[in-house]
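Trainee: Model the full structure from these sequences, guided by the hints.
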Amino acid sequence: MGLVTGLITFVVGVLVGGVGIYVGAELVGDGGSYEKAVTTAIFGSLVWALVGTFFGWVPLLGPILTFLAYLGVLNVMYEGGWVEAAAIAVVAWLTLVVVFTLLGPLGLGVFSGVGVPGV
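Per the numbering used here, the sequence shown starts with residue 1, numbered consecutively.
FYI, nobody ran anything at the bench for these hints, they're computed from the structure. All residues carry an ideal CB built from backbone N, CA and C; glycine is no exception. Check before you lean on any hint, since a few could be wrong.
[What the hints assert, rightly or not] Taking CB as the label site, the calculated pair distances span:
#1 V11 x L106: 14 to 22 Å
#2 S33 x F10: 16 to 24 Å
#3 T101 x L27: 17 to 25 Å
[To be verified] Computed cross-link-like contacts, DMTMM-like style, restricted to lysine to aspartate or glutamate with a CA-CA straight-line distance of at most 25 Å:
#4 K36 x E79
#5 K36 x E84
#6 K36 x E26
Mentor: Have a look at this one:
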C-alpha cells in the first residue's frame with residue numbers, strides 16, 4: 001500500500017470510526033459533535049497503537065491494558081466516567097458492525113473504523 005492510499009484509508013477510517021463514536025455518545029452519553037467524535041477516534045487510535053506497541057505482546061495483560069487505555073481516552077473526552085466510556089465503546093462497535101454488514105454486499109466494506117477497536 002502506498003503512502004497516498006494509506007493516508008486515504010486512515011482518513012476514511014477515522015471518519016467512519018467517528019460515526020460509531022458519535023452514535024455511542026449520543027445514545028449513552030452527553031452527546032457532543034461529530035467533530036469531537038472524530039477527534040476522539042484519532043486520539044483513541046494513537047493511544048491504542050502506542051500502548052499496543054509497548055504492551056500488546058504481553059499475554060492477556062497487553063490487550064487488557066491496551067483496551068483500558070482506549071477507554072481512558074473515551075473517559076477523558078466524554079463526561080460520565082468509566083462505565084459510560086465502556087458503554088460508548090460497545091455502542092460504537094455495534095454501530096460499525098451494522099454499518100459494515102450493510103455495506104459489505106455492496107462492495108463498500110473495504111475500510112475499517114479507525115478509533116473503534118475490533119472493527
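Trainee: Given a hinted range of 17 to 25 Å, is it respected by the beta-carbon distance of T101 and L27?
Mentor: Check passed, 19 Å falls within 17 to 25 Å.
Trainee: Against the range 14 to 22 Å, how does the distance between the Cβ atoms of V11 and L106 compare: consistent or not?
Mentor: holds, 20 Å
Trainee: Note whether the CB distance of S33 and F10 lies within 16 to 24 Å or breaks it.
Mentor: About 21 Å separates the Cβ atoms of S33 and F10, which means 16 to 24 Å holds.
Trainee: Run the distance test for K36 versus E84: straight-line Cα separation, threshold 25 Å.
Mentor: Status holds; Cα separation ~16 Å.
Trainee: Next pair to validate is K36 with E79; report whether the Cα-Cα distance is within 25 Å.
Mentor: holds, 13 Å
Trainee: Between K36 and E26, is the straight-line Cα distance small enough, at 25 Å or below?
Mentor: Holds - the C-alpha atoms of E26 and K36 are around 12 Å apart, at most 25 Å.
When the structure is compared with the earlier hints, no violation turns up for any of them.
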